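> Here's the letter readout for the chains.
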Amino acid sequence: MCHTLMGCAGGTFGLKLKSRQPDISSLRRMASETLVEVNDLNFSYGERPLLRGINMTMHRGKVIAIMGGSGSGKTTLLRLIGGAIVPTSGHVKVAGEVVHKLNRDDLFQLRRKMSMLFQFGALFTDLSVFDNVAFQIREHTDLPESMVRDLVLMKLQAVGLRGAHDLMPAQLSGGMARRVALARSIALDPLLIMYDEPFTGLDPISLTVIGNLVRRLTDALGMTSIVVTHDVQESLKIVDYVYFISDGVIAAHGTPDEVRESVAPFVHQFVHGEEDGPVTFHYPAKAYASDLKLETGLA
Amino acid sequence: MPRRVAIGIRGIGHRVIDSTWRLGYASRFFLLILLKSGTSLRRFSLVIRELYFTGVLSLIIISVSGLFVGMVLGLQGYETLQRFGAESAVGTMVALSLVRELGPVVAALLFASRAGSAITAEIGLMKATEQLAAMEMMAVDPIARVVAPRFWAGVISMPFLAAMFSVVGVFGGYLVAVVLIGVDDGSFWSQMQNAVDFRYDIVNGIIKTCVFGVAVTAVAVFEGYDASPTAEGVSGATTRTVVTSSLVILGLDFALTSFMFRGMS
Ligand SMILES: Nc1ncnc2c1ncn2[C@@H]1O[C@H](COP(=O)(O)OP(=O)(O)O)[C@@H](O)[C@H]1O
Ligand SMILES: [Mg+2]
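Chains as they are written, first to last, in the working numbering: chain A, 737 to 1035; chain F, 11 to 275.
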């Protein structure tokens, strides 16, 4: 589908193609197995269409970033991939299955292979850090408690919080809670992990650590990671491919190198955080003057 | 004018449709809980954990209230009965009032405000903080894992709490009538024993508490699960739990009483 470096949907900006040989990584990408396929996806909450004709292809062993202003529907896209909501039209395929066509049992089978890191962690407040990470292992396997313990401590070690295993979520800072949630989401070594803004609210050190962890886990386990993020610089270091969402369509997409060098106005604005550009800061509204009742006659 | 009337009628229609819809939704939810109770019954430790929160932690308020209610019954009963020279029947009066009515009803009202509201708030907050959504994404059914254990814990603890209420209440009546006022000890207990029938009084009381337990806990888990996922949503749901379950308890009590005790016997 979207292997071209041009935008997939109408009215989008193509990234400038650099004149060089098709690199090895893109050849490998073609050859490797597709895990997630988003096909002409449309979604709206009520009247206002939120996503319009989204197409994406994600391969195993890759880290894919989804970027876009807040309210552009990134979380919604993740929820669509996870089968929590049903698209208005189009479909999402994960591991070859159309997610919203599955019945509940099959969906739950599929979800054992995916996991999602929620924007605010969503740790179970009535369980300790240890029990949070152990939750899925206990629910879905019959491992003896000694092995559960080893697994949980390994996952916590990976996020640097082994020492915090007997704290309750209320005793954690926002960044720590995020890291525990990360440990929880990798508990069963899923095929696909969706991270909803994993870097927000982290200090620079944890940010680098978590970023590298996402990369290493993806490589080591051959899974696919989808990272929704605003942190352009940090994520460009670790991801393989970037999609920009704006106004409900994929405004641009490409590899980090292409993104950095892109002169497409949208990408340039986003990567450099400029105020002026094709993306507007304001939620759609009527004209400012008329909202303030500044009639020409009165003013 | 006719426009206003039309709008008014439409409003009523909306309300009726909404409440009917909600009632249907609640019934369906209740059926789902029953269908998905397998996990709770297989892994009973889940229910035991909740039994501690709903049952054990409600013991204090239930016992203290029971004691006071029993003491008041002792005082008022003595006050009235001694006019007819029947003060030794005060034990009977205290016991029957508690076992038939006040035990089940007051214990259920207290249970609704102590445990029911806590259940609603907890489930509502779990929803508001996306814990339930996270659980769904982990392929674990929140109704089976979160709602059903709380439901069964409430249903199981209610009869025991009501029994506790009645027992402590009888003791309170004894304290006031026998220890403080000086009614004869022997006749207090023997009249009580003669008058209270196991099948007619105690079993009927237990049936009431079981019905109230199901009603209160069902309302509490439903309101929590259905709460809109915001701070106002959760606080509104908590209030609704207490109000709705109190009304349901009193309404059901009248219905059950009219079937159980019809002045015969
Ligand atoms: N449950 C919902 N019902 C109605 N509108 C919603 C709901 N969830 C999100 N929205 C709206 O959809 C838009 C996109 O939300 P979201 O996907 O969370 O954006 P992002 O994660 O990119 O910040 C927002 O404008 C938000 O107001
Ligand atoms: Mg979001």
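Don't read these hints as lab results, they were simulated from the structure. Please note: incorrect hints may appear among the correct ones.
[To be verified] In silico lysine-lysine, DSS-like type, Cα no more than 25 Å apart, as pairs:
{"hint": "1", "chain 1": "F", "residue 1": "K46", "chain 2": "A", "residue 2": "K849"}
{"hint": "2", "chain 1": "A", "residue 1": "K837", "chain 2": "A", "residue 2": "K849"}
{"hint": "3", "chain 1": "F", "residue 1": "K46", "chain 2": "A", "residue 2": "K829"}
For clarity, every value in this text was computed on a predicted model and none was experimentally measured.
> Now tell me, hint by hint, if it's right for this structure.
Taking the hints in turn, this is what the structure says about them:
1. Only pairs whose Cα atoms come within 25 Å are accepted, and K46(F) paired with K849(A) is accepted, the gap being roughly 23 Å.
2. Of the supplied pair hints, the one linking K837(A) and K849(A) holds, its CA atoms being roughly 17 Å apart against a limit of 25 Å.
3. Under the criterion of a C-alpha separation no larger than 25 Å, the hint pairing K46(F) with K829(A) is inconsistent with the structure, at around 29 Å.
Violated hint: 3 only; the structure is consistent with all others.
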